[in-house]
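Work out the full structure: start from the sequences and follow the hints.
Sequence order for the protein chains is A and B. Just so we're aligned: 540 in our numbering is position 23 of the first sequence, and the numbers increase by one with no gaps anywhere. Just so we're aligned: 296 in our numbering is position 240 of the second sequence, and the numbers increase by one with no gaps anywhere.
Everything hinted at is true.
Stretch by stretch, here's where chain A covers chain B in the computed footprint (C-beta under 8 Å, at least three residues): (1) 59-73; (2) 94-105; (3) 111-122; (4) 232-239.
Since the hints were derived computationally from the structure, they do not count as laboratory data. A quick note: this is a predicted structure, and the numbers were derived from the prediction, not measured. Beta carbons are placed, not taken as given, at the ideal position from N, Cα and C, and that holds for glycine.
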Amino acid sequence: MNDNLPGIITRAQAGEEEAFRMLVEQHSRSVFNVAYRIVGNSADAEEAVQETFLKVFRRLDSFEERARFTTWLYRVAANSALDVVRRRQRHATREAVLEDQEGQLLPFSTGAPGPEREAQGGQISDRVSEALERLTPGERAAFTLRHLQGLSIKEIGEALDLQSNAVKNAIFRAVQKMRRELEPFASEMS
Amino acid sequence: MKHPDEQEMVMHVLGDSEGAAGIRAHLAECAQCRAQATEIERLLAATAELKVPEPDAGFEARIWKRQRMQLRQAASQVPVAEPRQATVIPFWTLRRTAGVGAVAAMLLVAFMVGLYSAPPGTEIVLEGSAPSGDRILFVAVGDHLESARMVLVELVNAEDGERVDISAQQQRAQTLLADNRLYRQTAQLNGQTAVADVLGDLERVLLEVARTSGEVPAEELDWLRERIASRDLLFKVSVIEGQTRRAATAGAGEETGTL
Chain A
518 MNDNLPGIIT RAQAGEEEAF RMLVEQHSRS VFNVAYRIVG NSADAEEAVQ
568 ETFLKVFRRL DSFEERARFT TWLYRVAANS ALDVVRRRQR HATREAVLED
618 QEGQLLPFST GAPGPEREAQ GGQISDRVSE ALERLTPGER AAFTLRHLQG
668 LSIKEIGEAL DLQSNAVKNA IFRAVQKMRR ELEPFASEMS
Chain B
57 MKHPDEQEMV MHVLGDSEGA AGIRAHLAEC AQCRAQATEI ERLLAATAEL
107 KVPEPDAGFE ARIWKRQRMQ LRQAASQVPV AEPRQATVIP FWTLRRTAGV
157 GAVAAMLLVA FMVGLYSAPP GTEIVLEGSA PSGDRILFVA VGDHLESARM
207 VLVELVNAED GERVDISAQQ QRAQTLLADN RLYRQTAQLN GQTAVADVLG
257 DLERVLLEVA RTSGEVPAEE LDWLRERIAS RDLLFKVSVI EGQTRRAATA
307 GAGEETGTL
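Shown next as structure tokens:
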């Protein structure tokens, strides 16, 4: 399906709507996958997918053929997912304030495991999931892009606007926190 | 070589170590560090095995539909010096203007706010008909509000029981959330608090419904109903929906319309 990806990109860059539709439809699931690992739920991940392709559309001119499209796309996706997380956090703060003032609004997130995580089942995977959720969004994004999407430290730095050392530190902190948290279950992760 | 510290070991396992050869040689000799490396590898493998929920079958089509709507609307915002010569969509020129954001939602909300925030009894006169692109938008958002309202109505009227199956409403709430957010965020960006508040209330209910497992205990359903009732949500959504529908109709067939 991706055999003619360079051709599709060129056509999209030339302004062909059908080509852009193909890019969206071919890559929206993989973008969802990246976004979900950063935002942690389907609704926000879908919002991040939407934002990703709007940004892709705006920046398609700046994409250079020698770069790998998916790498570029995942960088945009990670950024969009972080934007969604930041907005969610701002909103949650506002909600908390309003709740104090009015005593009737609900906090945006209960912190309880959602149905999606409950549906995942399996104790170890639950623990790993929880450990990932407790990382900061930046740590989660850096870790996801490096370990699961295979981006280089340099590419992650460009995506998240961080120096290489900061990227390495974020990834290390992510792994370190998860190791500490999952230490009691280490023998079961074989 | 001394034992690598934890950071060096993590970076080595991830393939980002600057002294890979030295660490490899050390691991060949040091059982303690080998065990540490193995433990990190297992942790990384466990994170890679975590499942991400698969989006539903209509996911790609839904994403594209929204993209298309936003980009088409952006097209109608491009200042055109001369009549367009062809039916080919000018995506190339659009790309520079799409940065404005969710133009579709912006236009819509700007219009809706004029309607919704008007004092009771105030008549709002449409100056001429809405452009056809806007009419399509009004129809789309009217459909969105209607779907959301139906979810609320069904929740309010669901048959009581110890546990109530609301899986159909849950799935629809999940589908409606993204569009609702777009409209709410745009209203907020534009300082349109009245509409943003209604859409915010709606979003919170949709989110709570989307987060349920599909079958909820009676207390949870009661709580959702209280939430809907305490904010007059059904009424407010109906008002905005009705005004949006009338705007679409007025734009389609009348030179001047009165709401």
